[in-house]
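Student: Model the full structure from these sequences, guided by the hints.
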Amino acid sequence: MLRRRGIAPGYVPPISVVLANARDRYIEGLTGFRGERVAAWVEQFAAAAAVSARLATAYLRAVGALTESWRERLRATSAPPRAGATAWAIIDILPAHPMITAPVATAVTGRTKAVVYDAIQELVAVGVLLPLSESKRNQAWEAAGLLELLESLEAGALPTPA
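The numbering of the sequence shown is the numbering used here, which starts it at 53 and goes up by one.
It should be emphasised that the hints constitute simulated quantities derived from the structure, not laboratory data.
In this text, all values refer to a predicted model and were calculated from it rather than measured experimentally.
There could be a bad hint or two in this list.
[Claimed, not checked] Calculated cross-link-like contacts (lysine to aspartate or glutamate; reagent style EDC-like; alpha-carbon spacing at most 20 angstroms):
| hint | residue 1 | residue 2 |
| --- | --- | --- |
| 1 | K165 | E194 |
| 2 | K188 | E174 |
| 3 | K188 | D170 |
| 4 | K165 | D144 |
Tutor: Below, the structure written as C-alpha cells:
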C-alpha cells in the first residue's frame, strides 16, 4: 500500500514483519480501528514503522558489510580480477539475487555466458557463492551469508553480518 500510494516509492520498510511479531497486538489494533479507536491504531502503526525503519537501516548496513567482505575475499586472491570484471558485476547484483543461476547473472549483468560461468567459478573458489547442487545442469548458487541476513530481518531481529 505504501508503494502503491507513492509514500515509499523506492523501498518499503518491513512494517509487516514488525506487526507480525506482535500478532495479538496487531489484531487488537485492527479491531480497535474498526471500533473507532483510530488514534491507538495510528500510534501502534507509527511505532511499527519506526521499528521497521531501524530494521531496514540495520539490514542495509549488514548487506553493505557482507558485500564488502565478498569484495575483500576476491581482492585477497593471488590474481584478483581487474576492475570492471564480471566477478565484480555479479557481486554487485547478489543483494537482489540471494540465489542465482548463470542465465540470471548473464541477463542482469549483460555479460556473455562464458565470462559469467568463469566469474561464478572465481566466486565459488573464494566462498562468495555456494553451489546448491552437484548437478552441472540447471545449477544455482547461494550468496554466502545473505539468506541468513534475510532470515534475521524476517524474524524482526537486527541483522548482523556473517
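Student: With reference to the structure, classify each hint as holding or not holding.
Tutor: Each hint tested on the structure:
1. K165 to E194: Measuring from Cα to Cα gives roughly 18 angstroms; hence the hint holds.
2. K188 to E174: 16 angstroms, holds
3. K188 to D170: 14 angstroms, holds
4. K165 to D144: Given that 20 angstroms is the threshold and the Cα spacing comes to 17 angstroms, the pair holds.
Of the numbered hints given earlier, the model fails none.
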